[in-house]
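*Asks:* Using the sequences plus the hints, can you model the full thing?
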Amino acid sequence: AGMSGSPVFIGDQLAGAVSFSWSFASDAIAGVTPIGPMRDLTKLPALTPSKSVAAGMVPTIQQLVTGVLPASLLDERLRSLAPKVVTGASSGLQWTSAGFGDSTRGVLERALGPVAPSGSSPDLAAKLVPGSAVAGVLVGGDLQLAVTGTVTERRGEDILAFGHSYLGLGPIDLPMAPAEVITVVPSRSSSFKLANIGPVVGAFSEDRLPGILGKVGRRARTIPVDIRIATTAGTAPAADGQPPPPQPGMGQPSAAAETDREFHLELAEIPLTTPTLAGIGLLEAMDVARHQSGNQDLAVEANLRLAGYDPLRLERHFTGSSAAINAAIYVLSVVSFVLNNESEEVTIDRLSIDVTQSSEPLTVNLIAAHPAERSVRPGDELPLRLELRRYRGQTFHRNVSVTLPDDLPAGPYYLFVGDGGTIDGARLTMEPTEPEDFRESLDLLRSLHRPTDLVVLGVLPSPGLVIDGRTLPRLPGSVRSIWSASGPLTAKAVGLAVRAVDAQSLDFPLAGGVRVDLQVLPPRS
1 AGMSGSPVFI GDQLAGAVSF SWSFASDAIA GVTPIGPMRD LTKLPALTPS KSVAAGMVPT
61 IQQLVTGVLP ASLLDERLRS LAPKVVTGAS SGLQWTSAGF GDSTRGVLER ALGPVAPSGS
121 SPDLAAKLVP GSAVAGVLVG GDLQLAVTGT VTERRGEDIL AFGHSYLGLG PIDLPMAPAE
181 VITVVPSRSS SFKLANIGPV VGAFSEDRLP GILGKVGRRA RTIPVDIRIA TTAGTAPAAD
241 GQPPPPQPGM GQPSAAAETD REFHLELAEI PLTTPTLAGI GLLEAMDVAR HQSGNQDLAV
301 EANLRLAGYD PLRLERHFTG SSAAINAAIY VLSVVSFVLN NESEEVTIDR LSIDVTQSSE
361 PLTVNLIAAH PAERSVRPGD ELPLRLELRR YRGQTFHRNV SVTLPDDLPA GPYYLFVGDG
421 GTIDGARLTM EPTEPEDFRE SLDLLRSLHR PTDLVVLGVL PSPGLVIDGR TLPRLPGSVR
481 SIWSASGPLT AKAVGLAVRA VDAQSLDFPL AGGVRVDLQV LPPRS
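Under our numbering, think of the first position of the sequence shown as 1, with each following residue one higher.
Simulated from the structure, these hints should not be mistaken for lab results.
We treat Cβ as the ideally placed atom computed from N, Cα and C, and that holds for glycine.
A hint or two may mislead.
To be verified - Below 25 Å or equal to it, Euclidean Cα-Cα: the simulated SDA-like pairs (lysine to any residue) are:
# : residue 1 : residue 2
1 : 215       : 45
2 : 215       : 124
3 : 43        : 22
4 : 215       : 123
What the hints assert, rightly or not - Simulated restraints, written as ranges between beta carbons of each label pair:
# : residue 1 : residue 2 : range
5 : 9         : 264       : 28 to 34 Å
6 : 507       : 303       : 45 to 51 Å
7 : 117       : 401       : 55 to 61 Å
*Replies:* In structure tokens form, the structure reads like this:
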């Protein structure tokens with residue numbers, strides 16, 4: 001591994017480049033890519049890198065709203081970073097990393113194979129000549145992740161390398177850096193190289209079947225990422241009648257929290273890989289700060305500065321032994337949705353992630369909500385007594401109140417009570433909507449409630465339709481039949497309609513949702 005692109009000569013004529021081999025082969029046999037097709041890469045017209053990705057790789061807006069994402073998503077996306085070579089063969093590329101801890105490197109190796117530790121060599125001279133090592137830098141800054149191969153040929157400032165594609169993306173924008181091989185580590189499976197990576201001196205612009213083309217002096221655009229990890233002792237919430245304990249704000253730590261580490265990264269801007277790199281960068285930051293494993297509580301705030309749009313700020317809370325991996329998957333999904341949305345190309349100018357960690361889970365489970373009365377009238381102030389349970393603690397209660405709309409019709413009325421994510425997901429289920437463009441998607445994401453919000457959704461049984469993402473409740477039967485006849489793609493039937501939304505801030509993150517059934521009486525005369 002690391003020999004991809006090594007020049008092969010017949011006499012004094014360059015014949016091609018080493019491109020692949022087979023693990024456990026008893027003889028030194030390797031595939032060779034002819035130099036002719038590699039040289040043809042320099043004749044291709046300059047094209048803008050594609051922003052499209054394969055169908056099914058982008059999370060839906062519903063998944064982001066509910067936060068229900070596959071636990072295997074990070075591993076699946078990492079596997080998509082593996083180079084594409086001949087079936088059954090091993091790529092001659094070498095994955096190298098610097099600053100990554102054992103836990104995160106183990107995650108990488110499950111998907112990518114061996115990832116060799118590397119060093120940084122800021123004084124490494126940029127001598128990219130045939131036979132010298134060259135790296136495509138996917139993550140730079142305080143952490144480093146690169147794929148390393150060999151230069152096949154240099155023509156002026158053009159660099160031909162690898163002898164096979166990296167991801168087969170065609171036009172690409174990937175920072176290029178020289179590397180120096182320190183030693184070769186023999187292995188019965190596949191020997192590999194240990195190398196230091198130098199400063200970025202150019203960029204790869206073509207990623208094609210015969211190889212990869214770079215140019216010295218060219219600049220690849222990267223996305224700066226700032227990650228701050230803070231810790232707090234964490235205090236259990238108080239019951240009614242007791243003063244609330246001090247709690248850190250979401251993302252931004254309070255005075256009681258102490259910032260452990262800050263990381264500043266530069267991610268290669270490749271829509272297929274950037275979301276995964278953001279997730280693995282966050283996971284590694286928590287690994288270095290010793291907060292990746294164990295039962296814990298993570299408050300995560302992600303801020304995305306977008307070109308042409310107001311910033312997008314999202315907050316989530318993760319609890320339990322899988323909190324770190326779930327936080328990484330969520331950040332991966334948010335970045336993927338923004339970069340790979342189907343409406344337009346969007347540029348992320350900067351990504352900031354703030355994490356506040358507590359060694360003890362702070363999330364409180366909602367067990368039940370008991371109304372003072374079940375027969376109510378429009379405009380009533382309805383007290384609710386919440387039954388809550390701490391982590392490994394006893395049940396306690398909180399009293400809240402909800403003002404009912406003053407124009408409620410007589411009949412059944414339901415309150416859905418719970419945390420922000422649960423109730424946002426319930427609302428989207430009752431009133432399914434598909435944003436028509438990216439701006440509407442941003443508006444929907446910005447409308448999401450915080451994990452520390454207690455949200456009460458007032459719902460009426462109301463046969464209606466969702467038409468072009470807009471809910472029309474309580475339609476007459478004749479109107480529903482006319483719209484329904486136009487086909488299922490334009491109109492969807494709904495049986496419940498949201499009448500009111502009330503959100504109250506708590507001093508702790510909440511989890512769970514319950515339903516309260518009420519009977520609305522006619523208004524008082």
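*Asks:* Is 55 to 61 Å respected by the C-beta to C-beta distance linking residue 117 and residue 401?
*Replies:* Given a distance of about 58 Å, which is inside 55 to 61 Å, the answer is holds.
*Asks:* Holds or violated: residue 215 and residue 123, Cα atoms, limit 25 Å.
*Replies:* Answer holds: residue 215 to residue 123 is near 20 Å, not above 25 Å.
*Asks:* If you draw a straight line from the CA of residue 215 to the CA of residue 45, is it 25 Å or shorter?
*Replies:* holds (14 Å)
*Asks:* Sort out whether residue 124 lies within 25 Å of residue 215, counting only the CA atoms.
*Replies:* With a Cα-Cα distance of about 18 Å, the restraint between residue 215 and residue 124 holds, given a limit of 25 Å.
*Asks:* Starting from the range 45 to 51 Å, see whether the pair residue 507 and residue 303 falls in it by beta-carbon distance.
*Replies:* Taking Cβ atoms as reference, residue 507 and residue 303 lie about 23 Å apart, which means the hint is violated.
*Asks:* Holds or violated: are the alpha carbons of residue 43 and residue 22 at most 25 Å from each other?
*Replies:* Violated. Residue 43 to residue 22 sits at ~32 Å, over the 25 Å cutoff.
*Asks:* Indicate whether the distance between the beta carbons of residue 9 and residue 264 respects the range 28 to 34 Å.
*Replies:* Distance hint for residue 9, residue 264 is violated at roughly 43 Å.
This entry does not satisfy hints 3, 5 and 6, going by the numbered hints stated previously.
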